[in-house]
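J.: The task is simple: from the sequences and hints, build the whole structure.
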Amino acid sequence: MNEFLTLMKSELLMTLLIFLLLFVKLGKGVKNETLLPLIQVLLLLNLIAGFFFNKTGNLFGDMYFTTPLMAFQKSLLNLAAYLISLLCSGWLKKTKHLPEFFMLMFSAMLGMFLLISSGNLLMFYLSLELATIPVAAMANFDLERKTSSEAAMKMILSSAFSSGILLFGISLLYGATGTIHFSQMAGLLDNSPLQILAFVFLFTAFAFKLSIVPFHLWTADVYEGSPIAATSFLSVISKGAIAFVFISTLYRVFGAMQDTWYIMLVILSIITMVIGNLFAIRQQNIKRFLAFSSIAQVGFILVGISEGGAAGLASVVYFVLIYIFSNLAAFGVASVISDHCGKENINDYKGLYKTNPFLSWMMALALFSLAGIPPTAGFFGKFFLLTAGGAKAEYWYITVAALNMIVSLYYYLRVVRAIFMDKNEQPIEKIGISPTVKMAFILCGTAIVCIGLFGKLYDYILSLI
Amino acid sequence: MQPGLYHILFISTGLFFIGAYGFFTRKNLITMLMSIELILNSVNLNFIAFNKYLWPNQMDGLFFTLFIIAIAAAEAAVAIAIIINLYRNHQSIDVDDAEELKY
Numbered sequence: 001m002n003e004f005l006t007l008m009k010s011e012l013l014m015t016l017l018i019f020l021l022l023f024v025k026l027g028k029g030v031k032n033e034t035l036l037p038l039i040q041v042l043l044l045l046n047l048i049a050g051f052f053f054n055k056t057g058n059l060f061g062d063m064y065f066t067t068p069l070m071a072f073q074k075s076l077l078n079l080a081a082y083l084i085s086l087l088c089s090g091w092l093k094k095t096k097h098l099p100e101f102f103m104l105m106f107s108a109m110l111g112m113f114l115l116i117s118s119g120n121l122l123m124f125y126l127s128l129e130l131a132t133i134p135v136a137a138m139a140n141f142d143l144e145r146k147t148s149s150e151a152a153m154k155m156i157l158s159s160a161f162s163s164g165i166l167l168f169g170i171s172l173l174y175g176a177t178g179t180i181h182f183s184q185m186a187g188l189l190d191n192s193p194l195q196i197l198a199f200v201f202l203f204t205a206f207a208f209k210l211s212i213v214p215f216h217l218w219t220a221d222v223y224e225g226s227p228i229a230a231t232s233f234l235s236v237i238s239k240g241a242i243a244f245v246f247i248s249t250l251y252r253v254f255g256a257m258q259d260t261w262y263i264m265l266v267i268l269s270i271i272t273m274v275i276g277n278l279f280a281i282r283q284q285n286i287k288r289f290l291a292f293s294s295i296a297q298v299g300f301i302l303v304g305i306s307e308g309g310a311a312g313l314a315s316v317v318y319f320v321l322i323y324i325f326s327n328l329a330a331f332g333v334a335s336v337i338s339d340h341c342g343k344e345n346i347n348d349y350k351g352l353y354k355t356n357p358f359l360s361w362m363m364a365l366a367l368f369s370l371a372g373i374p375p376t377a378g379f380f381g382k383f384f385l386l387t388a389g390g391a392k393a394e395y396w397y398i399t400v401a402a403l404n405m406i407v408s409l410y411y412y413l414r415v416v417r418a419i420f421m422d423k424n425e426q427p428i429e430k431i432g433i434s435p436t437v438k439m440a441f442i443l444c445g446t447a448i449v450c451i452g453l454f455g456k457l458y459d460y461i462l463s464l465i
Numbered sequence: 001m002q003p004g005l006y007h008i009l010f011i012s013t014g015l016f017f018i019g020a021y022g023f024f025t026r027k028n029l030i031t032m033l034m035s036i037e038l039i040l041n042s043v044n045l046n047f048i049a050f051n052k053y054l055w056p057n058q059m060d061g062l063f064f065t066l067f068i069i070a071i072a073a074a075e076a077a078v079a080i081a082i083i084i085n086l087y088r089n090h091q092s093i094d095v096d097d098a099e100e101l102k103y
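Chain order of the listed sequences is A and B.
Be aware that the first sequence starts at 1, since it is given in this note's numbering, and climbs by one per residue.
Be aware that the second sequence starts at 1, since it is given in this note's numbering, and climbs by one per residue.
Incorrect hints may appear among the rest.
As the list claims (entries may be wrong) - Residues from chain A that face chain B, not an exhaustive set, calculated with beta carbons under 10 Å:
{"hint": "1", "residue": "Ile133"}
{"hint": "2", "residue": "Lys146"}
{"hint": "3", "residue": "Ala152"}
{"hint": "4", "residue": "Ser163"}
{"hint": "5", "residue": "Ile170"}
{"hint": "6", "residue": "Tyr174"}
{"hint": "7", "residue": "Gly178"}
{"hint": "8", "residue": "Val274"}
Calculated directly from the structure, the hints in this document are not laboratory data.
Backbone N, C-alpha and C define an ideal beta-carbon position, used for all residues, glycine too.
T.: Here is the structure:
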C-alpha cells in the first residue's frame, strides 16, 4: 500500500486535483478571480511534491513502472503546467468555464504521466488516448469562434486516424511476438519483415503526434485556431511528453532494430528541419510562426534521439527543459498581446519596443534562445543534441543540422527586427502586466539566461539514467 | 473449408485500407468518423485472429479488443460533440466549408 502511494505519487496527485475541481464545479459558482490563484498554488505544490520520494519500482504486474528519470520528466511537465497557468492568466480569467479547462488539462496530463510510465502496450494505448482526446476538447474552448472549432475538428480527426494506425501496428506486433509486455517483447524482436512493418506503423503514429514532417499538416492549423493556453499546452507539454515516450520506446523496446530506425530518424529529421524552417519564413501570424518553429525544433530533437544511448536521452530531456522556458516565454508574450487587443500578426508587433520594452526584451530573449544564440540556454540545448547526434561520426548529418540553425536565425531575427527596428505609426499601446504574469516572465527569463551557465544540470540528468 | 489465419488477415487488411481510403476521400465529417471506425474494427479482427490462431494460451488480444471498442466510443463522443459545435459555427459538416485556417 505504502509503495503504491509513493510510486504513483504524481498520478495520484493529478487525480486528486481533477476531483477537487469537479467538486468546485458541483458546488456554488466560484469566481475565476478566486479560483485561478488557488489552482496556481496547487500546481506549485504539485510541482514541489514531484521532487521527493522518487524510487524505482513497478506495480500491477509490470504494467506500470517508474524510475527517478521518469519522475524528473513528470516534474518538467508539472513545471510547464504551472508556468502556463501563470502566463495565460489573462485569457484564463476571462473564460467562462475555468474549472472545465483545468479538468481537461489535468486529465491530459494524467494520461501523459501514465504514458511515460507504461510498461505494457495496452496501458500505452489507453494512456495515449487519455492524453490526446481532452486536448482536442481544449482546442475547442472558444466555442463561438469559427477557427477554434475548425482547429478542434482537425485535431480530433488526425489524432483518431493516427491512433488507428498505431493500433494496426500494435496488432501486427502482437501477432509477431505474442506478448504485449514491453519487457518480454524487447527480447523477441529479430527484425523479421512483419516486425519491421509493425514498427513502421508505430513510428508513423508517433510522427503524427510529434508532427514530424510528412505528418505535420495539422499542426499549424490547430496551433493557430486554438485559444493560446491550449496552444502553449500542445506545443510544450504534449510535445515534450510524446518525445520522452518516443525515446524510451525506441531505446527500451526497439533497441534491437536500431539500424532500421537510425536511417528513418536521419531522413525524417532532415526533412523536418528543412521544411519547418522554410515554411516558418513565410508566416505572418505569430502562432503559426511558432508552430512551424516548433516543427523545426522537433527535427533537432530527432538528431539527439538518433544517438541511441544515454547521451541521446539526457540531451533530449535537457533540451525539453530549455524548450519549456523559451517557448512558453514566447507564447506568453503573444498571449498577453492577443489578450489585450486581439492582434496576432507579426506586422502588428512593429514598434513594440517603443511602448512595451519589457515584453519586447522577453520576446527577444525567448527567440534568441529558440534560435540557439550562445549566451542563452537554447545554445547549450542544441549543442548537446548535436553532440549526441554526432556520436555515430556521420558528420554531414550534423553539418546539415547546423546549416538549418543558420536558416532558423533568419526568421527568428525577422520578428526581433519588427519589434525593435521597424517604424510603425500606430504601435500597440502600453499594456499593464499583472504581478503574477510578470513573475512568470522573470522566472522564464532568468532560466533562459542561467540554465546554460549552470553546467551541473546536464550531469544531474545524466546521473538519473 | 475452415477459414484460416490468412483469410481473416486478408479481410482485416482490406478493411483497414478501405477505411483509410474513405478517410482521405470523403468530405462529410460523419463519414470520415465512420471510416476511422472501420480502421479500428480491422484492428479488432486482427487481434482476435492472432489470439485464436497463433497465441491461444493467453487472453491478451481479446482484452485489447474490448478496450479498443470502449475507447472508440469515447473518441466518437468527443468527435461528435466537436462536429456539432462546428455545425453551429459553420452551418455545415463538410470539411470544404471549414476553411478559415490555411497555409
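J.: If a hint holds in the structure, say so; if it does not, say that too.
T.: Here's how the hints hold up against the structure:
Among the interface hints, the one on A/Ile133 holds; its C-beta lies about 5 Å from the nearest C-beta in chain B, closer than the 10 Å criterion. A distance limit of 10 Å between C-beta atoms decides the matter here; for A/Lys146 the minimum to chain B is near 5 Å, and the interface restraint holds. Evaluation of the A/Ala152 hint against chain B yields a held restraint, the C-beta minimum of about 5 Å falling below 10 Å. Here the hint on A/Ser163 is kept, as its CB sits about 8 Å from the closest CB of chain B, short of 10 Å.
With 10 Å as the threshold, the beta carbon of A/Ile170 comes within range of chain B, its nearest partner Cβ sitting at about 8 Å, so the hint holds. Interface hint status for A/Tyr174: upheld, as the beta-carbon distance to the closest one in chain B is roughly 6 Å, under 10 Å. Taking 10 Å as the C-beta cut-off, the interface hint given for A/Gly178 holds, the closest approach to chain B being about 4 Å. Interface restraint check: A/Val274 against chain B, minimum CB-CB distance 18 Å, threshold 10 Å, status violated.
In terms of the numbered hints stated before, the structure departs from hint 8 and from no other.
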